Amino acid sequence: MKFAIPITLVVLTVLLMVAGLVWTGHAGGTVGIAAGSAMYGLTPKADTPEHALANLLADAQRRNWDRAYADVSKTSDVDESSFIQDWIGSNGGLRSFSSLEGFDSRPMHITNDEAQMRVRLHWTTPVGPIEDVRDFHLIKEGDAWKTVWPKVQVPSVPAQVVPVTYLRWDLVTGGAADEWGSKNVDAPHVRIISMNAVDSAEGAVVMGEVVNEDTIPAFVNVNATLVDGAGNAIDQENSFDKIAHILLPKQVTPYRIDFPTISLKSVKSVHMDVKATLVPASADPVIGVMNQKVESDAQGKNVLHGDLLNESGQTVNIPHVVASFYDNNGKVVWVADGYVDRALLPQSSEPFAVEIPRSLAGKVQNFHVVVNQYSLGRS
Amino acid sequence: MQRLLQVCVRVLLGVACLVGFCRAQDFQVPAAVSAGDEADISTAGSGKATFHLIGPGVSRKSELNLGESIHLQAQDTRTAGDYLAIVCSSTCRSGGFYVSAAKPATLTFLVHPSRVPVAQSDAVSGVALPFDQFHNLVLRPLTVNFQLTAGNVSLSSRPVLTQNGAAWFRALSGKSAGLLQVTAAVDDLSARRAVQQVASDPCNLRITGQRTKVGITVQTEPVRDCAGNPVPDGTIVTFTATSTNGKSSVDAPIKRGIAQAQMLASGATSISAASGVVMGNEVRVGAQQ
Numbered sequence: 002m003k004f005a006i007p008i009t010l011v012v013l014t015v016l017l018m019v020a021g022l023v024w025t026g027h028a029g030g031t032v033g034i035a036a037g038s039a040m041y042g043l044t045p046k047a048d049t050p051e052h053a054l055a056n057l058l059a060d061a062q063r064r065n066w067d068r069a070y071a072d073v074s075k076t077s078d079v080d081e082s083s084f085i086q087d088w089i090g091s092n093g094g095l096r097s098f099s100s101l102e103g104f105d106s107r108p109m110h111i112t113n114d115e116a117q118m119r120v121r122l123h124w125t126t127p128v129g130p131i132e133d134v135r136d137f138h139l140i141k142e143g144d145a146w147k148t149v150w151p152k153v154q155v156p157s158v159p160a161q162v163v164p165v166t167y168l169r170w171d172l173v174t175g176g177a178a179d180e181w182g183s184k185n186v187d188a189p190h191v192r193i194i195s196m197n198a199v200d201s202a203e204g205a206v207v208m209g210e211v212v213n214e215d216t217i218p219a220f221v222n223v224n225a226t227l228v229d230g231a232g233n234a235i236d237q238e239n240s241f242d243k244i245a246h247i248l249l250p251k252q253v254t255p256y257r258i259d260f261p262t263i264s265l266k267s268v269k270s271v272h273m274d275v276k277a278t279l280v281p282a283s284a285d286p287v288i289g290v291m292n293q294k295v296e297s298d299a300q301g302k303n304v305l306h307g308d309l310l311n312e313s314g315q316t317v318n319i320p321h322v323v324a325s326f327y328d329n330n331g332k333v334v335w336v337a338d339g340y341v342d343r344a345l346l347p348q349s350s351e352p353f354a355v356e357i358p359r360s361l362a363g364k365v366q367n368f369h370v371v372v373n374q375y376s377l378g379r380s
Numbered sequence: 000m001q002r003l004l005q006v007c008v009r010v011l012l013g014v015a016c017l018v019g020f021c022r023a024q025d026f027q028v029p030a031a032v033s034a035g036d037e038a039d040i041s042t043a044g045s046g047k048a049t050f051h052l053i054g055p056g057v058s059r060k061s062e063l064n065l066g067e068s069i070h071l072q073a074q075d076t077r078t079a080g081d082y083l084a085i086v087c088s089s090t091c092r093s094g095g096f097y098v099s100a101a102k103p104a105t106l107t108f109l110v111h112p113s114r115v116p117v118a119q120s121d122a123v124s125g126v127a128l129p130f131d132q133f134h135n136l137v138l139r140p141l142t143v144n145f146q147l148t149a150g151n152v153s154l155s156s157r158p159v160l161t162q163n164g165a166a167w168f169r170a171l172s173g174k175s176a177g178l179l180q181v182t183a184a185v186d187d188l189s190a191r192r193a194v195q196q197v198a199s200d201p202c203n204l205r206i207t208g209q210r211t212k213v214g215i216t217v218q219t220e221p222v223r224d225c226a227g228n229p230v231p232d233g234t235i236v237t238f239t240a241t242s243t244n245g246k247s248s249v250d251a252p253i254k255r256g257i258a259q260a261q262m263l264a265s266g267a268t269s270i271s272a273a274s275g276v277v278m279g280n281e282v283r284v285g286a287q288q
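Those protein sequence lines, which keep their order, are chains A and B. The first sequence lines up with residues 2 to 380 when you count with the numbering used here. The second sequence lines up with residues 0 to 288 when you count with the numbering used here.
The hints are simulated quantities; they were obtained by calculation from the structure and are not laboratory data. Errors might be hidden in some of the hints.
As the list claims (entries may be wrong) - Okay, the calculated bits of chain B under chain A, using three or more residues with CB under 8 Å as the criterion: (1) 26-39; (2) 111-121; (3) 230-237.
Said to hold, decoys possible - Beyond 10 Å from chain A on every Cβ pair, some chain B residues (computed): (4) Gly80; (5) Trp167; (6) Ala184; (7) Asp200; (8) Gln209; (9) Ser247; (10) Ser274.
No experiment lies behind these values; they were computed from the predicted model shown. The beta-carbon is built from N, C-alpha and C at its ideal position, and this holds for glycine as well.
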């Protein structure tokens with residue numbers, strides 16, 4: 002009798018382990034949980050498209066590249082190194098610093114020999130969680146399903162010399178021994194040119210645009226304080242990364258400040274405060290935003306998409322897009338942002354997309370996009 | 000804390016004198032003393048007495064023989080303000096005198112802002128505060144000459160009398176970008192500050208576009224403000240191209256007076272430019288042949 006409980010526990014554990022091995026690859030549909038085999042090296046046979054794709058993604062998540070590539074169809078126009086580069090990124094892009102946290106997939110169309118699967122890839126990145134939606138085509142090769150990996154479009158930058166007129170602002174600060182008032186340099190003059198507060202599904206949102214009216218670069222941050230009817234501050238937030246912080250002279254940036262869980266019904270007024278600091282800055286690289294269009298994507302979401310074109314000779318490691326959307330009166334009705342996970346190489350372009358809330362899509366008449374750029378080893 | 004202590008002592012001694020504890024000895028305090036000057040306080044009578052000196056920067060006590068004068072050293076009167084001298088023997092007697100600032104030795108000069116767009120009214124302001132060698136603010140009226148110079152040209156010069164130790168001015172900025180020298184002078188003292196006059200907003204922003212093999216090269220004419228000053232390099236000009244492919248935009252900095260950008264558009268395209276809140280003209284570029 003005294004061995005009954007331990008024996009029961011051992012049997013139960015073994016049963017659970019077996020169940021775990023048998024029912025792997027069924028994590029599809031559960032956001033944030035990685036699918037795939039429960040134990041390393043025990044990938045089940047890809048007898049369905051779901052299993053095949055889950056195996057591939059699970060192996061890619063573990064960075065078991067040989068096994069992951071073995072799940073790729075031979076008809077794919079991709080070699081293993083390009084396949085790996087597609088997952089781990091290159092040139093110091095955002096993907097290089099990201100890891101696949103989980104995925105969930107659902108079939109779009111399945112026949113006996115072919116399948117179309119849509120996968121949501123959940124990445125953890127230095128700039129927060131990012132969700133990537135990709136469609137995969139799978140075919141049956143023999144008795145196993147294989148994923149046809151799309152050709153990896155890696156920009157090919159020819160060797161060249163890109164002449165750049167060097168333009169940069171450096172900052173020299175005075176010493177402590179300087180006479181009072183003799184060497185002060187005023188902070189840059191920036192101005193909020195528009196502000197709009199709306200209620201969204203996630204809470205109150207304050208947004209608008211800021212312009213640097215000065216002739217020197219400015220590091221800008223916008224703060225907002227929500228005040229109730231009694232004059233008490235309800236909450237205070239800042240624009241965080243929903244702004245182009247470094248503004249060159251006469252440059253305009255959108256900003257957005259989120260107040261999660263707060264409704265504007267309880268807000269009487271909003272106090273805005275823009276802080277500007279003089280910082281060293283460079284006028285390069287210049288990034289063009291080409292072919293901007295608002296369209297519906299494959300999931301039926303309204304997105305502003307386009308291409309970022311690096312017109313300079315420097316690699317931009319992590320491009321960040323901030324877009325403001327206007328109604329027909331020119332009022333800012335929404336501000337959205339998005340990171341591009343690939344590095345923007347010199348003289349090359351990368352696509353971007355930012356989502357517009359469904360409720361606002363009909364109002365949007367115009368838009369303005371600015372690009373933040375983070376480059377390794379440069380301020 | 001020291002100042003509070005002095006005030007307390009003075010109040011107590013003053014009250015004591017008022018209620019009649021201070022009597023007898025006559026003594027004469029100086030009518031006017033300049034900071035850092037030596038001075039004498041004459042006393043009358045005979046016998047031993049105690050002398051107290053209480054001022055903004057000093058509090059001391061010494062013994063004296065009545066009938067002799069009390070010599071105040073230069074360090075006793077370094078700080079300008081109200082002083083109280085008290086002589087006590089069997090009774091106490093007090094007298095007050097004022098130490099004024101010495102002649103100006105330094106001129107503190109604050110000018111705002113450090114950068115200013117050209118042709119702005121009341122855009123430049125400055126305040127001058129004369130101090131003596133002991134850092135006392137000189138409160139007596141002094142004439143401060145403010146002079147504004149751009150290059151070698153004197154833009155304005157005006158004498159201003161100090162009020163309560165300060166003289167100030169407001170002036171419009173000049174019409175030409177460059178360094179504005181602002182000088183404040185009192186007698187042989189002077190202080191100089193520099194204000195950077197910068198171009199104002201762009202005026203008549205005009206662009207031209209030309210189709211190339213890879214798209215459209217668009218550039219501005221030399222960008223100037225309404226006074227003809229070149230807008231500083233680094234100022235952003237936003238080019239926006241609209242075609243059937245959608246909208247394209249580039250924030251391009253002005254370099255060597257012009258801003259230039261490359262736009263990708265194959266069809267007929269209209270391109271506009273803006274810098275800050277200033278709009279430029281619009282050009283149309285035909286479709287690629």
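Review point. Are there three or more residues in the region 26-39 of chain B whose C-beta lies closer than 8 Å to some C-beta of chain A?
Key: Per the Cβ count (0), the hint is violated.
Exercise for review: Beyond 10 Å from every chain A Cβ: check whether that's true for B:Gly80.
Suggested key: holds, 22 Å
Review point. Would you say B:Ser247 is clear of chain A, with no C-beta pair closer than or equal to 10 Å?
Key: The claim is violated: B:Ser247 sits with its nearest Cβ about 4 Å from chain A, within 10 Å.
Exercise for review: With 10 Å as the threshold, tell me whether B:Ser274 passes as away from chain A on beta-carbon distances.
Suggested key: violated, 5 Å
Point to revise | 10 Å cut-off, C-beta based - B:Asp200 kept clear of every residue in chain A | key: Check fails; 8 Å does not lie beyond 10 Å.
Review point. Is the nearest CB of chain A more than 10 Å from the CB of B:Gln209?
Key: holds, 16 Å
Exercise for review: Grab the minimum beta-carbon distance between B:Trp167 and chain A and tell me whether it stays above 10 Å.
Suggested key: The claim holds: B:Trp167 sits with its nearest Cβ about 13 Å from chain A, beyond 10 Å.
**Study point:** Outcome, coverage of the region 230-237 of chain B by chain A - at least 3 residues whose beta-carbon is closer than 8 Å to one in that chain
**Key:** holds (count 7)
Exercise for review: Find the nearest Cβ of chain A to the Cβ of B:Ala184 and say whether that gap is larger than 10 Å.
Suggested key: With a cut-off of 10 Å, B:Ala184 remains clear of chain A, as the shortest Cβ separation is near 16 Å.
Point to revise | 8 Å C-beta test of the region 111-121 of chain B against chain A, three or more residues | key: Our answer is that it holds, as 4 residues pass the Cβ test (under 8 Å) against chain A, meeting three.
Checked against the numbered hints above, the structure breaks hints 1, 7, 9, 10 and satisfies the rest.
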